[in-house]
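Kindly produce the complete structure, drawing on both the sequences and the hints.
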Amino acid sequence: TVNEEFLGIDKVLFVDPYYQKILMKKNDREIQYYSSEEKQAKLMAIQEKCADKLGLQYARISTKSLQENDMETYNDMALINDWLTERFKHGNSHEHIECEEAMKDLIARKGVKYLALNGVQNNNRKTNSYMFLLFDLESGDVKQFEIKNNRTKDTNDLLTLYVYNSLFHVAEKPKKK
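Residue numbers for the sequence shown follow our numbering, so the first one is 81 and each next one is one higher.
The reader is advised that the hints may include incorrect statements.
[Claimed, not checked] Derived lysine-lysine pairs resembling DSSO-like cross-links, with alpha carbons at most 27 angstroms apart:
1. Lys133 with Lys253
2. Lys223 with Lys256
3. Lys256 with Lys133
4. Lys206 with Lys105
5. Lys169 with Lys190
6. Lys133 with Lys119
7. Lys253 with Lys91
8. Lys105 with Lys119
9. Lys122 with Lys256
10. Lys91 with Lys223
11. Lys193 with Lys91
12. Lys255 with Lys91
13. Lys253 with Lys193
14. Lys106 with Lys206
15. Lys129 with Lys144
16. Lys144 with Lys193
17. Lys169 with Lys184
18. Lys253 with Lys223
19. Lys169 with Lys193
20. Lys133 with Lys228
21. Lys169 with Lys129
22. Lys122 with Lys193
23. Lys91 with Lys144
24. Lys119 with Lys129
25. Lys119 with Lys255
26. Lys122 with Lys91
27. Lys190 with Lys206
28. Lys233 with Lys122
29. Lys144 with Lys233
30. Lys233 with Lys119
31. Lys253 with Lys190
32. Lys190 with Lys133
33. Lys255 with Lys228
34. Lys233 with Lys129
Since the hints were derived computationally from the structure, they do not count as laboratory data.
Structure, rendered in C-alpha cells:
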C-alpha cells in the first residue's frame, strides 16, 4: 500500500533501519548476520543521502555508535521501542500511551515529532521486501505506510529508489487545489 499524498514535513527522526538477509536451504533458514549488518549500514547512508538531496532535515538515534557512557541514546532507543510496542498494541485506537510524557521530552530535545522507520528483508538474494512507516510521535498516527515486494537483487540503486520515493512523499509540499 502506498499513500500517494505529499506531507510537506521538514524534519524526521531516523533510527537504525531493519535489514535481514536470509538464505533459504530446503527446510532451513540461515540468517546472514554479517551481510545484514553491512547492508544495514548502507541503508543508513542511503537514508541520509536521500534526505540531504530532498532538503529534508533529520535527527538520528543509532545504537551502532553507542559508547559505554552514552545512556541518553540507549534510553532514547528504549523509549522509542516502548512507544512502538504500546502503539502497535493499541492499534488505531487513540488510547493513552504510558510513555507519552517521556516522548514529549524526546520531541523537545530532538526538535522533531515524526519517526521514520524502514527496513528490508531479502531472501536468497533474489526477492526482497521493503517497508516504510512514518509516525507522528505526538498523536501516534501513521502518516505514511508502504510495502514493496520485488523479485530482484537488493542493489544499492534499488534501495536508493525505494528510500528516495518514500522520503519524497514525506518532504514534498502538498499541491494546492
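Proposed proximity, Lys256 with Lys122 (alpha carbon, max 27 angstroms): violated (36 angstroms)
Does Lys91 lie within 27 angstroms of Lys253 when you go C-alpha to C-alpha? holds (13 angstroms)
With a cut-off of 27 angstroms on the C-alpha distance, tell me whether Lys133 and Lys119 pass. holds (21 angstroms)
Pair hint Lys119 and Lys255, alpha-carbon separation not exceeding 27 angstroms: violated (35 angstroms)
Holds or violated: are the alpha carbons of Lys253 and Lys193 at most 27 angstroms from each other? Cα-Cα ~17 angstroms, so holds.
With a cut-off of 27 angstroms on the C-alpha distance, tell me whether Lys106 and Lys206 pass. holds (16 angstroms)
Just to be careful, I want the Cα atoms of Lys129 and Lys144 compared with a cutoff of 27 angstroms; is the pair within it? holds (18 angstroms)
Take a quick look at whether Lys233 and Lys119 sit within 27 angstroms of each other, Cα to Cα. With Cα atoms ~12 angstroms apart, Lys233 and Lys119 stay inside 27 angstroms; holds.
Lys91 paired with Lys144 [C-alpha distance capped at 27 angstroms]: Distance of about 22 angstroms is within 27 angstroms: holds.
Between the alpha carbons of Lys133 and Lys228, is the straight-line distance 27 angstroms or under? holds (22 angstroms)
Next pair to validate is Lys133 with Lys253; report whether the Cα-Cα distance is within 27 angstroms. Since the Cα atoms of Lys133 and Lys253 sit roughly 15 angstroms apart, the hinted pair holds (cutoff 27 angstroms).
Is Lys169 within 27 angstroms of Lys193, Cα to Cα? At roughly 20 angstroms apart (the allowed maximum being 27 angstroms), Lys193 and Lys169 satisfy the hint.
Hint check: violations occur at hints 9, 21, 25 and 27; the rest are consistent with the structure.
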